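K.L.:
Chains as they are written, first to last, in the working numbering: chain A, 1 to 227; chain B, 1 to 606; chain C, 1 to 132.
Think of the hints as simulated: they come from the structure by calculation, not from any bench.
Accuracy of the hints is not assured; some may be wrong.
[To be verified] Pairs of lysine-lysine, DSBU-like flavour, derived with a Cα cap of 30 Å: (1) C:Lys17 - A:Lys113; (2) C:Lys75 - A:Lys113; (3) A:Lys113 - C:Lys21; (4) A:Lys108 - C:Lys118; (5) B:Lys543 - B:Lys88; (6) C:Lys118 - C:Lys53; (7) A:Lys104 - C:Lys17.
[Said to hold, decoys possible] Non-contacting residues of chain C with respect to chain A, defined by C-beta distances greater than 10 Å in every case (computed): (8) Gly37; (9) Phe38; (10) Ser45; (11) Leu48; (12) Ala90; (13) Lys107; (14) Arg112; (15) Pro115; (16) Tyr116.
[To be verified] Quick list of simulated restraints, FRET-style, between CB atoms: (17) C:Arg112 - B:Phe163: 44 to 52 Å; (18) C:Met41 - B:Ala373: 50 to 58 Å; (19) A:Phe170 - C:Lys124: 31 to 39 Å; (20) A:Phe170 - B:Phe538: 41 to 49 Å; (21) C:Ile93 - B:Pro359: 17 to 25 Å; (22) C:Gln120 - B:Gly278: 18 to 26 Å; (23) A:Pro72 - B:Gly278: 45 to 53 Å.
None of the values given here were measured: they were computed from a predicted structure.
Beta carbons are placed, not taken as given, at the ideal position from N, Cα and C, and that holds for glycine.
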Amino acid sequence: MSTVTATAAPTKLWGGGKSPFNVEYGKLMMWYFLMSDAFTFGAFLISYGTIRFSSNGWPNPNEIFKSFPFAPEGVHAPLVFVSVMTFILIISSVTMVLAVHAGKQMDKNAVVKNLILTIIGGIAFLSCQAWEWNHLHSEGAWWGANPFLNADGTQSSTNFTNYFFTITGFHGFHVFSGVVINIIMLIMTLLDKFEKRGHYLMIEKAGLYWHFVDLVWVFVFTCFYLI
Amino acid sequence: MSSEVALDIHSGVSSLHVENQSHDSHVHHHETFIYKYVFSMDHKMIAKQFLITGMFWAVLGGLMSVLFRLQLGYPDSTFPWLEDILGKWAKGGHITPEAYYALVTTHGTVLVFFVLTAGLSGTFANFLIPLQVGARDMASPFMNMLSFWFFFIAGIVMLSSIFVETGPFSGGWTAYPPLSALGDASPGSKTGMDLWIVSMALFVVSSLLGGLNYIATVLNMRTKGMSMTRLPLTIWALFFTAVLGVLSFPVLFSGFILLIFDRNFGTSFYLSDIFVNGAGALPNEGGSAILYQHLFWFLGHPEVYIILLPAMGMVSEILSTNSRKPIFGYMAMIGSMFAIAILAFLVWAHHMFVTGLNPFLGSIFVLLTLLIAVPSAIKVFNWLTTLWRGNIRFTPAMMFAIGFVSLFISGGLTGIWLGNSALDIHLHDTYFVIAHFHIVMGVASMFGMFAGIYHWFPKMYGRYLNNTLGYVHFWITIVGAYLIFWPMHYEGLAGMPRRYYDYSIWESFKQFGDLNRFISTVAMIVFATQILFLANFFYSIFKGRKLRSTNPWGSNTLEWTTPIKPGHGNWPGEIPEVYRWAYDYGKDGHDFISQTTPIGADESVH
Amino acid sequence: MSHTAEASHHDDGSAVKEIWKVTLILSVLTIIELILGFWMMGINSEALRLAIKGSIVILMIAKAFYIVGYFMHLKHELKNLIMTIVVPLALFIWFITAFLYEGNSYKNLRNRYDPYKKAQTEIKVHKSEEVK
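Okay, chain A solo, but in the shape it has when bound (with noise of 0.2 Å):
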């Protein structure tokens, strides 16, 4: 039946009886709920920026970002933790690939594994969110209390330190969520719950979450850390 239906396509896409993507109505809606998602965080980060236009002067973010576990106080390395939390994302989201990949082959050993290592990915990115956080609050910044000041020497407003608790907060949040989908999907694949399916649909949907959780923070992370 669906040799039929992929002979037709090019003709009949949007000829109703089928989906014109050629992709269940699940995915689609995760797609879509990403794209609004993105809203949420661009205007999050849109407003960060409007707020930084609109500010005479801005704290440098390598004079604040500048530690890093188990190193002596007053050490002066800045980007290197934060590459270290880049670089475990990326690496999270190279191994969910290779579980959709390895859910499209049916290999549901293969599918465990990297699930698993996705999972460590995601606890310890946010272990390595929680260390900075704790780090930035023994040195006195928090919501509404910001100890740094703007990189030519004047006072700051609380807005860096606001800005940098709520957004990095709501993406750590998407994190800790993607982590518990993960860990949902992982104890779904040991019950054999998608070799009954005969199918791994729901990880390529729980895929396309975790990637986007990674994507927010490229931008976050350029945002924050690096402009």
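Given chain A's structure and the hints, the job is docking chains B and C onto it.
P.N.:
Just chains B and C, lined up with the frame of chain A:
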């Protein structure tokens, strides 16, 4: 569940055939009361839930407007009965300023979000999309149910805010900071605002769940032969509405999250340079109140079209059906709706011309705003030319549809004035604005909604609404709407600002005392007429004239090929296949040709 | 079960190869970003800094392209699906332009009409006062 079935085909290339079978099994099993009427997953029941919840809110929101119109029309009189129902909010039978602002705010929020968003597109998207595209149900009936219940809980939270000690939020439906960000700003900014924001956040979730479902259903679940260009315009309109909601509500959501932090966690996203009487200067520094307005109106303007587009779609369908003529310019209608949907995202700052917005940026927003006049005018011309030389049947639905066009023209024209940033210096925040958006967005969309209810009531309940009451309802409402809002243009041009509590103490606005009293009187009459409509509605559900044929209006669209009272799954047998567009009226000597009729051998091309 | 458009695009070996290739590209792009970031620390010229920031933003968009295109598999979907997802994102262009322009204008207006406030933001705080 259909999700499982769709997944079973692995590639997701849905074969409706398989889905049909699963839904057939749905039809047969017995439904308990709870699953049939409360936690229903049938799109038709969910639509009715949206409709009736929307009606509840419409009555409440309308009643609020009557109460504050009492204050505006009779600022010097006292009404002891008001103290009986409002207690301390109407000491001595006189609405207090706090209560007045709370009423205005809640009226706006409730009408815009609960009635004209959930009540309008929630009802008709749920009801019409599966029926008109030829699907058993929504793509995800479960998410659809959640959508309603999130809306319902949002409503409960909003309702509860009316009963808290400090009253509901009273800073205007737009909830601008600092009034919304500082608890010290006004009594309503305390618990009332917390509840308001929770309610709105839940509402965003509801509209997102619904919107994703509508989009996926329209794209993926069309029956065989139902190509996008054979869809009735209702579906196109509801589709664009859903897209607008999915892309703009998240921005509001972000704005609200920042607002929550400002309220509760000492941040200053929106706050700077603030001095509160009694509390002194606040430490908040570096924020921008205008940022909130930008975020709010990034949703707020698409929201206008979220409200208006479903009405436009239904009116197109009803005008064509009851003129017994094809809709004029079908593709132009789709194109103009598409243009409106895009422009909706580009014009938000025209609500903020006088906030200190950069004038150059403002001029670009003027240009983009005035561009909306083009697709709007295309639509108006197409409606008028659809009516032109038609064989018009003046059913109540048709009357309301024509009324919609009338209101859309008269309200839309003043929009061209308001879109100019220079004129806006004089007109912003006056009664001119009130008149404009109430006519073009509020009343016009209500008319679209009434038209939809009168037209599809037979499909919903298998009975007719009473026609005579329908005509009474129509004439009083349209005459009343113009009598209420037309004079407000004059007041606004004279500079009378909106949101004032008592105009009689202003030398410049005293002259409008009689006019205000007149407006208030008409408002009460119109409100009473809506109660008449509700009586008609609920009476007809149980006692209305019964439907004898499946297609009472001689309509082409698919919903009229279902049984009079379709079960869960809509069509008892196979879903019919579609062979033509939805507007073959008066073609080749036939009064109408249903979409399910195959193209004849000697048929002319439309 | 491999009749579908997506599966026929590439078989197992090349798909995994593609994943690792994209991983490599993402890593290289990130490393370039970091190098630019380190380089920028020692630069005081405002114009050059802006140019570097611009390049970093371009690299960021390139990374986003690879993640969405390959990891999220969008590049292998039907063209219509790609369009429905990419075209609405164009709304961000005006969204970003208008907001940032407005933020900048807000700063200029405030500096111009509130000189006292501007002077306040120009007072340098001595290092010793900094909370550590």
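K.L.:
Please check whether glutamine 120 of chain C and glycine 278 of chain B have a Cβ separation lying inside 18 to 26 Å.
P.N.:
Given a distance of about 25 Å, which is inside 18 to 26 Å, the answer is holds.
K.L.:
Is the claim that phenylalanine 38 of chain C lies outside the interface with chain A correct, judged by CB distances over 10 Å?
P.N.:
Given that some Cβ of chain A is not farther than 10 Å from that of phenylalanine 38 of chain C, nearest at about 7 Å, it is violated.
K.L.:
Can you let me know if the beta-carbon spacing of phenylalanine 170 of chain A and lysine 124 of chain C is within 31 to 39 Å?
P.N.:
Once the Cβ atoms are compared, 34 Å apart, the range 31 to 39 Å for lysine 124 of chain C and phenylalanine 170 of chain A holds.
K.L.:
Could you grab the alpha-carbon distance between lysine 118 of chain C and lysine 53 of chain C and see if it respects the 30 Å cut-off?
P.N.:
Given pair lysine 118 of chain C, lysine 53 of chain C holds - Cα atoms ~26 Å apart, limit 30 Å.
K.L.:
Is the gap between the beta carbons of phenylalanine 170 of chain A and phenylalanine 538 of chain B within 41 to 49 Å?
P.N.:
holds (45 Å)
K.L.:
Confirm or reject the statement that lysine 107 of chain C sits farther than 10 Å, beta carbon to beta carbon, from all of chain A.
P.N.:
Non-interface label on lysine 107 of chain C violated, nearest chain A Cβ at 4 Å vs cutoff 10 Å.
K.L.:
Far enough from chain A: is every CB of that chain over 10 Å from the CB of alanine 90 of chain C?
P.N.:
holds (12 Å)
K.L.:
Using the C-beta atoms of arginine 112 of chain C and phenylalanine 163 of chain B, is the stated range 44 to 52 Å upheld?
P.N.:
holds (48 Å)
K.L.:
Checking the smallest CB distance to chain A, is leucine 48 of chain C really beyond 10 Å?
P.N.:
holds (13 Å)
K.L.:
Are all beta-carbon distances from glycine 37 of chain C to chain A longer than 10 Å?
P.N.:
Violated: least Cβ distance 5 Å, not greater than 10 Å.
K.L.:
Taking the closest pair, is the beta carbon of proline 115 of chain C still more than 10 Å from chain A?
P.N.:
holds (12 Å)
K.L.:
Within 30 Å, alpha carbon to alpha carbon, are lysine 17 of chain C and lysine 113 of chain A?
P.N.:
Distance of about 19 Å is within 30 Å: holds.
Hints 4, 5, 8, 9, 13 from the earlier list are contradicted by this structure; the remaining hints agree with it.
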